Amino acid sequence: MVVTAAELARGFIEGLLYGSLLGAISVGLTLIWGVMKVVNLAHGHLIVLAAMFTANFYVLYKVALLNPMGAIITMGILGVVMGALLYYTSVHPIIGHVDVITLKHEMATLMATFGFGLTLFGLHYALAAWTSWYSTEPGISWSFGHPPYVMIGSTITIVKTKILVGIISFVIAFALFALVRLTNLGLMIQAVTQDSRALALVGIDPVRIKLLTTIISVAFAMSTGPLYLAWAGSVTPLKESIIAPLAFVIVVAGGLGSIMGSYVAGLILGLTYELVVATTQEVSIALVVTFLILLLILALKPTGLFGYLDDRLASALRRRRGVAE
Amino acid sequence: MRMLKRPGFIASIVLILIYLVIGIAGQEGHLLSIIGNAMDTMMYIGWALALAVIMSYAGYVSFGHAVFVGIGAWMTAVTIESIMPSHPFTISMFIVALLLGAGVAALVAYAVGWVVLRLRGAYFAIATIGLDYVVLYLAIYTLSRAGISPPLLFRNLSLTVQSFYWMHFTVFVITLLVVYYIKASRFGFGLAAIREDEEAAEVMGVDTFKYKLMAFTLSALIAGMWGVPLAFRHAKFDPQDVFSLLNSVIMIVENTVGGLGTFLGPIVGAYIYYGLYWSLLTKIAQASFVVLGPLIVIIIALVPEGLVGWLREKFPRLRKALE
Amino acid sequence: MERSLRSIALVLVLAALVAMAPAYTLVSTALSYPSSVSGNVIKIGMPISLSGHFATEGHQALCGAIASIMWINDHGGVKVGGKTYKLQLIYYDDASSANNEPSIVQKLVTQDHVNFLLAPYSSGLTSAAAPIAEQYHVIMLSHGGASNAIFQKGYHYLVQILSPASEYFTGALEIIKQYIPDAKIAFIYENGKFASSVVKYAEQKAKQMGLDVVYSKAYEAGTSDFSTFISAAKAKGANVLLGGGHYDDGKALVKQAHDLGWHLKFIAILVAPAQPKFYQELDDIANGVAYPAQWAPGVKYSPQIAKQMGIEWFGPTVQEWINYFNKAQSELSACKGLGSPAYQAAEAGAAILFLVKAIETAGTLDNAKVRQAMNNLDIMTFFGRLKIDPNTGLQIGHKMIIAQWQNGKQVIVWPPEVAQAKPLIAPPNWWPSSAKTTSTSPATHAASTSSPTPSPSPTTTTKKTSKAVLWGTVIVIIIIIIVGVWLAVRK
Chain A
1 MVVTAAELAR GFIEGLLYGS LLGAISVGLT LIWGVMKVVN LAHGHLIVLA
51 AMFTANFYVL YKVALLNPMG AIITMGILGV VMGALLYYTS VHPIIGHVDV
101 ITLKHEMATL MATFGFGLTL FGLHYALAAW TSWYSTEPGI SWSFGHPPYV
151 MIGSTITIVK TKILVGIISF VIAFALFALV RLTNLGLMIQ AVTQDSRALA
201 LVGIDPVRIK LLTTIISVAF AMSTGPLYLA WAGSVTPLKE SIIAPLAFVI
251 VVAGGLGSIM GSYVAGLILG LTYELVVATT QEVSIALVVT FLILLLILAL
301 KPTGLFGYLD DRLASALRRR RGVAE
Chain B
1 MRMLKRPGFI ASIVLILIYL VIGIAGQEGH LLSIIGNAMD TMMYIGWALA
51 LAVIMSYAGY VSFGHAVFVG IGAWMTAVTI ESIMPSHPFT ISMFIVALLL
101 GAGVAALVAY AVGWVVLRLR GAYFAIATIG LDYVVLYLAI YTLSRAGISP
151 PLLFRNLSLT VQSFYWMHFT VFVITLLVVY YIKASRFGFG LAAIREDEEA
201 AEVMGVDTFK YKLMAFTLSA LIAGMWGVPL AFRHAKFDPQ DVFSLLNSVI
251 MIVENTVGGL GTFLGPIVGA YIYYGLYWSL LTKIAQASFV VLGPLIVIII
301 ALVPEGLVGW LREKFPRLRK ALE
Chain C
1 MERSLRSIAL VLVLAALVAM APAYTLVSTA LSYPSSVSGN VIKIGMPISL
51 SGHFATEGHQ ALCGAIASIM WINDHGGVKV GGKTYKLQLI YYDDASSANN
101 EPSIVQKLVT QDHVNFLLAP YSSGLTSAAA PIAEQYHVIM LSHGGASNAI
151 FQKGYHYLVQ ILSPASEYFT GALEIIKQYI PDAKIAFIYE NGKFASSVVK
201 YAEQKAKQMG LDVVYSKAYE AGTSDFSTFI SAAKAKGANV LLGGGHYDDG
251 KALVKQAHDL GWHLKFIAIL VAPAQPKFYQ ELDDIANGVA YPAQWAPGVK
301 YSPQIAKQMG IEWFGPTVQE WINYFNKAQS ELSACKGLGS PAYQAAEAGA
351 AILFLVKAIE TAGTLDNAKV RQAMNNLDIM TFFGRLKIDP NTGLQIGHKM
401 IIAQWQNGKQ VIVWPPEVAQ AKPLIAPPNW WPSSAKTTST SPATHAASTS
451 SPTPSPSPTT TTKKTSKAVL WGTVIVIIII IIVGVWLAVR K
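Just so you know, the protein sequences line up as chains A, B and C, in that order.
For the first sequence, this note's numbering assigns the number 1 to the initial residue and increments by one for each residue that follows.
For the second sequence, this note's numbering assigns the number 1 to the initial residue and increments by one for each residue that follows.
For the third sequence, this note's numbering assigns the number 1 to the initial residue and increments by one for each residue that follows.
I should point out that these hints are in silico values taken from the structure, not numbers from a laboratory.
Relax, there's no trap hidden among the hints.
Cross-link-like lysine to aspartate or glutamate pairs, in silico, EDC-like; alpha carbons within 20 Å at most:
no., chain 1, residue 1, chain 2, residue 2
1, C, 184, C, 174
2, C, 236, C, 212
3, C, 79, C, 360
4, C, 177, C, 212
5, C, 153, B, 81
6, A, 104, B, 197
7, A, 160, C, 283
8, A, 160, C, 225
9, A, 104, B, 199
10, C, 300, C, 320
11, A, 104, B, 202
12, A, 104, B, 313
13, A, 104, B, 198
14, C, 86, C, 360
15, A, 104, B, 305
16, A, 104, B, 196
17, C, 387, C, 360
18, B, 210, B, 197
If we take Cβ atoms under 8 Å as the criterion, some of the chain C residues that face chain A in the derived model are:
no., residue
19, 51
20, 217
21, 219
22, 222
23, 223
24, 225
25, 227
26, 231
27, 247
28, 255
29, 256
30, 280
31, 282
32, 283
33, 285
34, 336
Quick caveat: nothing in here was measured; it's all calculated off a predicted structure.
Cβ atoms here follow ideal geometry from the backbone N, Cα and C, with glycine treated the same way.
Make a model of the complete structure from these sequences and hints.
Below, the structure is given as structure tokens:
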């Protein structure tokens, strides 16, 4: 099959937009994993939960509030609640009062968040079984503008929704970066990783910072749920098995705890995926390539590729503001 | 010889005898219904023990262990459709599938383990998930290249439930004996040392990497064997089904609930999971995760040593009996 | 604190274990309808998807079967050898997973002692269940497994009720042949057993009919982004889309094709558009989307048509059966809120009728003899004609229909003898006037004016305001973030 230049160009643009979405989906995970050493296996389930709730409520009420922007905010707020729930059920009992997190603690939180995620997964089916209005495969009919697409040249069409999703994704990723790297709260969060005992000495409760980190991570994760929904048009709980592994690939590739690093890794992964699909027209090959990249990075450079990005960007932004480091 | 007098070995022999009796008694009549449940429990115990070698004994959680079960099923499909096409079913077909399934799974694990076993904890877990997806989509791609849209349905081999049973039983016996030997041997103690403290084990002179690689390969070999009776029983090779991460979830739940680091833990865990499966899954299906999920969270947070581990701790007298 | 928590947890776990004890004694109770029957009873087993991927289709099939059972039981039951039997359905949720099929089928046969089996929904699950039913020599009626491949594997006791996959797009291709002379067909379909065998036969048929197929590509199950395929097909100049697979992906495919501004004269998608919620979720986009269907509530099969064709009529009329389906919805919690019956419901309902007729003809409950009787059966039901190929068990009597969403309603448009309206070619929401000027086909024009055209979307104004709200919020959020970052950096 001959691939046209237009196909490749379209794959490139779609890849950037998809990559932006993937980046935004992963930034919450890199925060909780990088800072707290909690490998949150419920991450994908939380995103799907947000998307499922948004879609179901949209089908029920069809109100403007639940168009993407409203939904992103609503789900972010719900994320605060879910974050607190996740922390007190699956994180606090294991590492709430622990200063040094060992491999054993890490595996324990991994299993606990895994259980938490399974609960969320079952919740959709339970809700569908016990209520008449909850659907396990809901869809939405959001589309923006008239016509709902943009023409580039004569053959490339990109849906406006996707452009919007790409832009909002960047905003979300950057907002988290700003929150963690450019505020006092962010400094405290980073301090927990380095020395939580010293933090307690200067009068900051490490438990509270851990709680806050979990909440921020989950809130940002859940706010990307409606974006995923807007991108795909429909969602099922099984989509977790596509979202979560990609998020893990991206976080590992981007370097643990590096938010902009994850975002850039997301862009690269999205580009790779879309370009492979555009050239081969085979989704299975694109996924094989994606996960081979993961195995390669793990084999060659398990510390990730873009770990330095956050520090560079933060200091550049500070310098521009004339703040001494 | 001392190994043969230990409670773990005795328990294995008792289990094997029980299943042998069920197999013989379940040839006819209404006892037939037990055979289905017995096959299921054997399979779940087998899965649990396969993962236990690397997760419970060596402390490395493999989240994508279903990949080896899937490889076993894939090799069964290759045996039935490519190596022995248009043969009626014979024992040799089962043996070829078993050797091929276990062999290829072990080979893949050995090659991949060379890379991913240098990783610790969560990195290892995620690498195994990645491996599962790579093989899953490779299988789908290979099938569609061959002009078959998955699932690949086998031809009607006119097998009876009894023949499925003896397939399961064969693999079950091999699994119990091999895993018990691993656990009770010097090799098993080395793995336990790795689980407790890898650096210390290294210092004490355990070749940790070699041990881990052996454990991972053996674990994959057993999981690969279990893919074979599964494929025969389903009469098809459905990549989305056998490579499903839910299968890995089952193995992990069994090990966690039963208790890490013990031989009996995964077996007890398998029975508990099977009870949950029939009392919940056939009635409320995926909604049963609303029960399974919190169960894992509770056990991890409050009884991290699992049921068998807790019993050992609570009743030191039982420690000898609960291996 | 920690200690008491641990004790509580262990008590909980142990309580759960005690609660599960029945599972080991092998008496776990099945779901059944009617829950209890007095007198003679014929038990029919059914593994069915009430959760998971096929939950929507599974609920329809279950309640369709129940509707037919209600009718049979209300109309004197089944008469076999001078005795009258009532029907009872025993069913388990298979969670849409093939893993569960062998155990459930075995449980139904050996523990619940069912006399006959209904297959699970979908070809994939049926193929996992069929070998077990075959071993126990129990008839299994396939009402949701359209794939031809299963019937080539030599299963004697597997009998098909619905038209096989090879027939699904035949009607759509006939419409295209008649109304769209300049058709360029694109197939975008799921790489599963069902959809790919549908398309394989459809491609052959299109070639025979001299139609132009410009693009054909399969996607993996679970794919949610189709833009690559859509763009490639669009670039090839395709103006007819055929494909889909199951509910979720079919719906997403239609939505994305519309969003990408693909101008289509005709769209036929498998499975998804048959669901009433397809329109609820997609609004105006759904109008003009057609689908092949085994059945629709508006079909005109009747005892009169049967008489004309010289075939025996059996069971309720279409309206009677729909009434029973509605009765099932009001009486059973599992059937609540399904709306009007979809074709999956009718397939399962027809399976029950075909089975009952075969039992009465054979005059025994013996599976081998009932299976023998099925070979010679040729009946007309509310579902249409039913007749199987004696060698393979494939359905050869039943004919597919093509239905289309027109003005928010599902209308039968093909074949002409049972149609309620003419097919809507080049619907305005899919083939806007700007695109229409380039089309000079008179047939296209005639067809689109003669059929009802969708009214302008009533949601236009609300969409405008919501758009303003949307962009307003985007701007406000960006401003908040910029100010926040600035404040944070400034210290």
